[in-house]
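J.: Build out the structure end to end from the sequences listed, making use of the hints.
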Amino acid sequence: MFAEWFEAGYFHPEAEGSPEENFSVAIPPPNVTGALHMGHALNGSMQDTLVRMNRMRGRNTLWILGTDHAGIATQAVVEKMLRAEGTSRQELGREAFVERVWAWKEEYGAQIVEQYKRLGASCDYERERFTLDDGYLKAVYRVFKQLFDKGYIYRDDYMVNWDPGTHSAISDLEVENREVEDVLYSIDYPVEGSDRVLTVATVRPETMLADTAVAVNPGDERYTDLVGGYCVLPLVGRRLPIIADGYVDPEFGTGALKITPGHDVNDFEIGRSHGLDEIGVIGPDGRMTDDAGERFAGLTIDQAREAVVAALREGGLIRSEEPYAHSVPYSHRSGERIEPLISLQWFCRMDELAAPAIQAVESDEVRIVPPQWKRVYLDWMREIRPWCISRQLWWGHRIPVWYCDACGANPRAAEEPPERCGACGGELRQEEDVLDTWFSSAIWPFATLGWPEKTPELRAFYPTSFLTTAREILFLWVARMIMMGIEFPGDIPFRDVYVHSVIQARDGRRMSKSLGTGIDPLEEIDRHGADALRFGLLAMSSTQDVRFSDAKVEQGADLANKLWNASRLILLNVKFKQDQSHTNSAQDQVPARVSPGTTEPRPETPEDRWILSRLERTITSVTEKLEAYDFAHAAQEAYAFFWSELCDWYLEMVKPRLYEGDEAASANLLWALERVLALLHPMMPFVTEEVWSFHPARRGHLAVHGFPEADRSLIDVEAEEEVSAGIELTRRLRAWRDLVEAPAATILPARAEGVEPREFVGRLARFAFEENGGTPVAAVGPVSVLASEAIDADAVRARVEARREELRSEVARAEGKLANERFVANAPPEVVAEEREKLERYGAELKGLSE
RNA sequence: GGGCGCAUAGCUCAGUUGGGAGAGCGCCAGCUCGACAAGCUGGAGGUCACUGGUUCGAGCCCAGUUGCGCCCACCA
1 MFAEWFEAGY FHPEAEGSPE ENFSVAIPPP NVTGALHMGH ALNGSMQDTL VRMNRMRGRN
61 TLWILGTDHA GIATQAVVEK MLRAEGTSRQ ELGREAFVER VWAWKEEYGA QIVEQYKRLG
121 ASCDYERERF TLDDGYLKAV YRVFKQLFDK GYIYRDDYMV NWDPGTHSAI SDLEVENREV
181 EDVLYSIDYP VEGSDRVLTV ATVRPETMLA DTAVAVNPGD ERYTDLVGGY CVLPLVGRRL
241 PIIADGYVDP EFGTGALKIT PGHDVNDFEI GRSHGLDEIG VIGPDGRMTD DAGERFAGLT
301 IDQAREAVVA ALREGGLIRS EEPYAHSVPY SHRSGERIEP LISLQWFCRM DELAAPAIQA
361 VESDEVRIVP PQWKRVYLDW MREIRPWCIS RQLWWGHRIP VWYCDACGAN PRAAEEPPER
421 CGACGGELRQ EEDVLDTWFS SAIWPFATLG WPEKTPELRA FYPTSFLTTA REILFLWVAR
481 MIMMGIEFPG DIPFRDVYVH SVIQARDGRR MSKSLGTGID PLEEIDRHGA DALRFGLLAM
541 SSTQDVRFSD AKVEQGADLA NKLWNASRLI LLNVKFKQDQ SHTNSAQDQV PARVSPGTTE
601 PRPETPEDRW ILSRLERTIT SVTEKLEAYD FAHAAQEAYA FFWSELCDWY LEMVKPRLYE
661 GDEAASANLL WALERVLALL HPMMPFVTEE VWSFHPARRG HLAVHGFPEA DRSLIDVEAE
721 EEVSAGIELT RRLRAWRDLV EAPAATILPA RAEGVEPREF VGRLARFAFE ENGGTPVAAV
781 GPVSVLASEA IDADAVRARV EARREELRSE VARAEGKLAN ERFVANAPPE VVAEEREKLE
841 RYGAELKGLS E
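Just so you know, we're using the numbering used here here: the first sequence kicks off at 1 and counts up by one.
Hints are supplied without guarantee of correctness; some may be wrong.
What the hints assert, rightly or not - As a list, the in silico DSS-like pairs of lysine-lysine whose alpha-carbon atoms are at most 30 Å apart:
1) 374 to 150
2) 105 to 513
3) 562 to 575
4) 838 to 817
5) 575 to 655
6) 145 to 105
7) 105 to 138
8) 150 to 138
9) 80 to 105
10) 138 to 117
11) 454 to 138
What the hints assert, rightly or not - Label pairs and their calculated CB-CB ranges:
12) 194 to 320: 43 to 49 Å
13) 520 to 303: 37 to 43 Å
14) 721 to 517: 34 to 40 Å
15) 832 to 718: 24 to 30 Å
If you're looking for bench data, these hints aren't it; they were derived computationally from the structure.
Beta carbons: idealized from backbone N, C-alpha and C, even for Gly.
T.: Structure follows, in structure tokens:
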């Protein structure tokens with residue numbers, strides 16, 4: 001089925017028309033390292049549903065597909081492979097290593113794309129992009145150069161999150177804080193020229209080797225006299241100025257704080273404002289440097305901590321040790337503890353870029369749904385800090401900056417490698433570092449369309465229509481796309497951002513590979529089918545996080561099955577000229593493929609008018625839900641209409657007519673089936689397309705069939721009321737016979753009092769309505785059940801008594817309400833009227849039963 | 001420390017503006033009804049976390065309490 005769509009070119013639109021009239025989506029690019037996980041499956045199902053709906057509406061629709069080179073993740077995978085081979089990236093050298101990664105990408109990178117096809121995703125597979133392909137690289141370099149020229153990009157020695165695992169700086173957003181139990185050491189620092197000591201507290205005694213000051217609060221009278229003096233750093237002997245800084249909390253510990261500008265973010269800030277020395281004792285490899293002193297150099301951090309503590313203990317300088325729970329930064333990428341250290345990195349100033357991106361969301365030009373995320377976005381953007389964009393990796397976009405070692409001219413950025421130094425003509429050397437992966441992701445919506453070239457695709461499909469995303473990348477990715485979109489192509493990258501919920505594991509934990517809690521969507525597809533998984537995911541999605549529900553996937557599978565079976569009933573029995581020549585002999589009882597025709601509704605009976613009316617209401621409602629990104633209710637409403645109203649009721653109502661060859665019934669069934677298939681197709685493309693292939697009105701694929709638009713003229717309130725009443729009566733009659741334990745197959749005699757019920761009532765409830773004669777034994781609504789051998793008199797009496805009880809309490813309830821003067825006075829008149837009507841109705845029934 | 005969210009049937013979740021608590025699954029009973037037992041029919045099952053308030057009326061609004069979850073954050 002997928003191949004048919006694909007080969008027909010439905011997913012590959014011409015680059016025509018304007019973004020306003022077209023519909024386009026840029027897929028959040030999966031990592032090349034990845035396999036389809038449940039997040040992709042959910043996200044993909046949502047996007048495909050809207051993409052297919054809009055394509056069916058006849059809009060020129062593009063769903064751009066591609067993958068992300070995912071710098072750190074991919075490099076790590078290949079490095080692991082090299083280790084298994086007994087070699088390393090250092091041994092291979094940069095060029096050979098990068099070649100290996102490319103080779104790896106060529107071999108495995110296509111996997112995830114194939115998996116999207118299994119899900120049924122109607123992406124444009126012919127326009128697939130990769131964040132490192134040639135055109136994309138050009139776009140990245142153009143962006144870098146322009147930001148550089150504007151002065152936003154600069155190089156600085158600054159405190160960064162150093163990840164000893166990946167040997168690279170990483171951004172604040174890639175750091176996760178974990179609660180950790182550490183030991184808080186209190187250490188005495190002797191005051192110079194005095195026998196006093198300042199006691200400082202730290203969980204990281206090894207960093208004391210890099211201390212360059214001790215700070216106290218300026219208002220702290222205990223230490224006023226010491227400010228301006230010095231401490232002597234134990235083990236090292238360095239003189240540490242005692243400084244005053246408002247940052248220090250006098251309430252915490254002794255109120256004295258050791259300052260380590262080289263290894264602590266706060267201390268770094270304090271150090272810069274006081275002009276303190278910055279000493280680094282921990283190297284990029286996570287080991288102590290020579291500056292830590294002979295005694296400690298070369299030790300790992302843990303070893304150094306032990307050694308420092310031992311040495312301090314020996315000197316009697318540790319005043320106390322106590323357990324201390326606090327949060328510690330860990331690398332989201334490698335899982336190792338982050339070392340804050342000072343390092344020469346490239347940064348991008350964000351203030352100017354953020355301002356219009358804040359404005360765009362404030363004004364709802366970019367609409368964030370659900371709306372609570374708007375504030376989260378705005379709060380973060382208003383506090384935005386410079387972005388460290390360099391990474392000490394080899395896999396990625398090498399920063400397009402060149403240095404001249406000969407004359408030491410200022411580094412220059414260029415889109416193409418410059419030949420020679422502009423100043424002295426000397427050889428140039430390109431920056432070794434690569435860009436943060438998110439730097440290239442940030443330009444995804446327009447770089448994939450060919451920017452900076454003025455391509456037809458860019459003209460036709462930018463800005464894109466919407467973005468679905470998990471909230472965890474709201475800052476990491478979404479915010480940056482908005483900034484870059486406004487800065488470069490000059491327009492927001494998408495109108496709507498839909499932040500979807502997270503599907504958790506069955507036990508409520510996070511789905512994660514490392515926890516072993518992941519559920520593989522491909523296995524679910526194997527087991528239940530892609531349609532079932534899609535339906536299940538849409539139906540279980542919500543505004544809040546939800547646990548993965550096997551039941552919802554099974555509900556989807558059941559729906560697919562029901563669609564097939566109900567269609568079989570309709571298509572095998574409907575009166576329509578069938579072409580037997582295409583009989584599919586491979587499958588038993590599968591209806592023949594039939595020649596094309598057209599369907600039109602033919603509302604002749606109230607039942608016809610009822611189902612047609614209900615169908616139009618369902619179309620309206622499901623469409624509204626989909627447009628509001630309320631996939632769960634859209635899916636479940638479509639399910640409920642099809643299953644309950646169409647199958648359980650209408651099909652049963654019209655069976656006799658269908659078997660007799662009633663043309664109106666046939667026409668209505670074909671019409672309803674066509675519209676239901678089209679309505680469900682965006683959510684469940686495979687089974688609907690398959691069933692459609694047997695529909696006599698078939699013209700071409702359902703994938704490009706018109707999406708149903710509700711026809712208000714078919715809404716019929718009168719028929720809805722009449723048939724609803726018949727359904728209600730049928731239900732009550734069935735319940736009644738069950739309660740009196742009437743044999744299921746027996747047709748019971750009854751008499752209609754007043755209005756004759758619709759024909760289906762007697763048939764479906766298995767009652768025969770007689771004109772006269774018989775002894776009434778019970779009243780069910782307007783129906784008197786007549787005595788017969790099949791009915792046990794005691795059971796009837798019990799049933800009638802039970803009903804009396806029900807009615808008495810209902811009457812009492814209504815009377816109580818109406819006796820309350822304040823209710824009658826204050827409640828809206830229609831509510832009061834309703835209550836009066838109930839009292840009357842129940843009262844009448846009770847009276848009837850008592851006679 | 002700040003922000004956001006969640007507690008409703010055995011389970012997973014809905015519940016639009018305040019006017020008799022719903023779905024799917026599970027459970028019980030019945031059913032070879034000319035599509036479907038992956039089905040059909042009927043049924044049982046709820047102190048809407050707790051306390052107080054507003055209101056004629058509260059699952060829904062307000063205040064507080066308890067228990068969970070997530071995000072952000074530079075107290076050693």
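J.: Would the pair residue 150 and residue 138 pass a check requiring their Cα atoms to be no farther apart than 30 Å?
T.: holds, 18 Å
J.: So the hint says 43 to 49 Å: do the beta-carbon atoms of residue 194 and residue 320 match that?
T.: The hinted range 43 to 49 Å is violated for residue 194 and residue 320, with Cβ atoms some 22 Å apart.
J.: Given a hinted range of 37 to 43 Å, is it respected by the beta-carbon distance of residue 520 and residue 303?
T.: holds, 41 Å
J.: What's the verdict on residue 138 and residue 117, does the C-alpha distance respect the 30 Å limit or exceed it?
T.: With Cα atoms ~29 Å apart, residue 138 and residue 117 stay inside 30 Å; holds.
J.: Sort out whether residue 150 lies within 30 Å of residue 374, counting only the CA atoms.
T.: Since the Cα atoms of residue 374 and residue 150 sit roughly 29 Å apart, the hinted pair holds (cutoff 30 Å).
J.: Does the hinted range 24 to 30 Å hold for residue 832 and residue 718 at CB?
T.: For residue 718 against residue 832, whose Cβ atoms are near 26 Å apart, the range 24 to 30 Å holds.
J.: Is it true that the CA of residue 80 sits at most 30 Å from the CA of residue 105?
T.: holds, 15 Å
J.: Does residue 105 pair with residue 138 here, judged by a C-alpha cut-off of 30 Å?
T.: Holds, because 20 Å separates the two Cα atoms, which is no more than 30 Å.
J.: Just to be careful, I want the Cα atoms of residue 454 and residue 138 compared with a cutoff of 30 Å; is the pair within it?
T.: holds, 13 Å
J.: Given the hint that residue 562 pairs with residue 575, test it: the Cα-Cα distance must not exceed 30 Å.
T.: holds, 21 Å
J.: Is the hinted pair residue 838 and residue 817 satisfied, with a Cα-Cα distance of at most 30 Å?
T.: holds, 11 Å
J.: Mind checking the alpha carbons of residue 145 and residue 105 for me, to see if they're no more than 30 Å apart?
T.: Since the Cα atoms of residue 145 and residue 105 sit roughly 27 Å apart, the hinted pair holds (cutoff 30 Å).
Going through the hint list in order, the structure does not satisfy hints 12, 14.
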